[in-house]
Amino acid sequence: MLEFNASTVAFVVFSLFSLGGALGVVTTRNLVHATLYLILSLFGAAGFFVLLSAPFIAAVQVLVYIGAIAILIVFAVMLTRSMTRLRELYNRQWILSGVVAGALFILLMVGVILPVWGVNGSQVGRPISDVVLGTVDLGVALVDKEQYVLPFEVASLLLTAAMIGAIVIARDDRE
Amino acid sequence: MEQAVCDINHLAECLVQSGVNRDLANLLLSLGGAVLVATVPLVTVLFLILTERKVAARVQDRLGPNRVGPFGLLQSVADAVKMLTKEDITPNGADKFIYNLAPIISFASVILIWAVIPFTPLHIGADLSIGILYFVAVASIGTVKIMIAGWSSNNKYALLGAFRTIAQLLSYEVPMVLALLVPVMIAGTMSMQEMVQVQGGMWFLFMAPVAAVMFFIANLAETGRAPFDLLEAESEIIAGYNIEYSGFKWGMFMAGEFIHAFTACLLAAVIFLGGWWGPGVEQVPVLGFLYLGLKTAVVYLLALVIRSTVPRVRIDQLMTLNWKWLVPISVGNVMITAFLLQVVKLLGLQPQSGDLLAALPQTIILLLGNLVLVAIVVQALRNQGRAQRLADEAAKHDDEQTAIVAVGD
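Heads up: the protein sequence lines correspond to chains L and U, in order.
Reminder that position 84 of the first sequence reads as 84 in this note's numbering, one-by-one numbering, no gaps.
Reminder that position 184 of the second sequence reads as 1184 in this note's numbering, one-by-one numbering, no gaps.
Misleading hints may appear alongside valid ones.
Unchecked claim - Computed footprint of chain U on chain L; a stretch qualifies when at least three of its residues, placed anywhere within it, have a C-beta under 8 angstroms from a C-beta of chain U:
| id | segment |
| --- | --- |
| 1 | 30-44 |
| 2 | 50-59 |
| 3 | 68-75 |
As the list claims (entries may be wrong) - Residues from chain L that face chain U, not an exhaustive set, calculated with beta carbons under 10 angstroms:
| id | residue |
| --- | --- |
| 4 | N5 |
| 5 | A6 |
| 6 | V62 |
| 7 | L63 |
| 8 | V64 |
| 9 | G134 |
| 10 | V136 |
Honestly, the hints are just simulated from the structure, not real lab data.
All residues carry an ideal CB built from backbone N, CA and C; glycine is no exception.
Let's have the full structure, built from the sequences with the hints guiding it.
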């Protein structure tokens, strides 16, 4: 059973933010409202990271995701026919996407939550690991050749490729 | 249990003895502290507006406000009262909820920064281990508030002003973050308080002058001040994103803008000018408020004079300055500093204690690195200027040729 203390209350609040916001994103017929609900949802996720004592990830969550919402609104304005009172169905395969998303969600639940909780919740309340790592460890892990330097560099290469691609597409060929 | 003194100095104990749960008492006091930190900028802004108007007036050879109270000190109070009595207008077709939300986010996103500013060795809202990143994250919310204010007003000028914001604020975030990376590398920490403590021997201004200038310029643009005030260019889009707002909501945008500009200068003072360091601050920590205030005032006055003397840039000049100059210089600066810091480490010259002599070798090496960077930038500027002149002369020559041919016909 969960203890009732400040972090429980915070967890409930962040859960409401996160799930309620996500629900709002897909149910509202106003694209700008949808982006604002997305802010709420992402903020809830940032709150979870704070509760998990990962302030670095929380700040990055706010910086990268919430900070980019303004661009998302610009995309919504530029690339859609109308921002409010959407009536048309843009995607005919939404049932298929729904099924795939649901299957992925169940897979994640089984794959991630089950090993942590154990069968019938037998491992609840037991810390997974005694090792407590901080922001410095995260930084070291990203550049340590024994750990994550390869994925880190591959990710940056991917981003560079995306950026070059965007520049090539946007470039004026007349010059 | 012994009866503790129940006065303002023992508020937590006092609450606990009054029958309040200890956790709740701590929570209440934290909230009280948060309110206190948030009130400081609110009171400051009244005088910031006056300072700004006075400085602008002096630059333009005027006196500025001097009627209300001694030296016009109460002018801002009168203005605030006037603003409260104005009609609160919500345009037809505005998205009401978002429209009312935008001024609140606008103000809150700036106030939140004050939580991590170390005023003295003892007084800081929250000494986060990721203080600098927290500042960057909170500042990035600023784009959202302008975007939703511009969109929800249902006004084309407002939307245009908001779109300019995206281009400007997002672009200048890049050199700002890269400039902040340099002091973080030198200090080896992202905590604001530790960053100030490291500067005991030498301010980062002398170790990383290029980064300090980059941070200052990028922050001028981030706060939307002249010469980078494109998002509310009066002569082009009337007032920009806040055109439909009136009364106190407009006041909140304005107050938010003033506090943001001041906060940027405060951060520059904390990160590059040694924050609360000053003579005797270790014995009497409260002196830190004074020193930090003085340093901030110097930076703020510089920003004010720039604001009232430099004309507004065009959007293409804004983008050229950012992507062709500031970003490459910042990247170069980060690389040079990282390299030199490793050199300093290899030579064993990194400061062991917090006094001037210990910090001197590292400062000299980093300063030399910065000078090399400045020399490269100046040379690049000269080359560009020469190319521009040659192109101009060629164009002029062509014009003359055409004119002669025309006369010959």
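### Message
Holds or violated: the hint that L:G134 contacts chain U, with Cβ atoms closer than 10 angstroms.
### Response
7 angstroms, holds
### Query
Taking 10 angstroms as the limit, does the beta-carbon of L:V64 come near enough to a beta-carbon in chain U?
Interface hint status for L:V64: holds (9 angstroms vs cutoff 10 angstroms).
#### Entry: Assertion that chain U covers the segment 50-59 of chain L - criterion: three or more residues, beta-carbon distance below 8 angstroms
holds (count 3)
### Query
Taking the closest Cβ pair, is L:V62 under 10 angstroms from chain U?
OK, holds: L:V62 within 10 angstroms of chain U, min 4 angstroms.
### Query
For the segment 68-75 of chain L, does the count of residues with a C-beta closer than 8 angstroms to a C-beta of chain U reach 3?
Three-residue rule met by the segment 68-75 of chain L, so holds; n is 5.
### Stated coverage of the segment 30-44 of chain L by chain U [criterion: 3+ residues, CB within 8 angstroms]
holds (count 5)
#### Entry: chain U contact restraint for L:A6 - C-beta distance below 10 angstroms
6 angstroms, holds
### Query
Hint check: is the beta carbon of L:L63 less than 10 angstroms from a beta carbon of chain U?
4 angstroms, holds
### Query
Taking the least C-beta to C-beta distance, is L:N5 closer than 10 angstroms to chain U?
Hint holds; L:N5 Cβ to chain U Cβ min 7 angstroms, cut 10 angstroms.
### Task
Using 10 angstroms as the Cβ threshold, decide whether L:V136 counts as touching chain U.
9 angstroms, holds
The structure meets every hint from the earlier list without exception.
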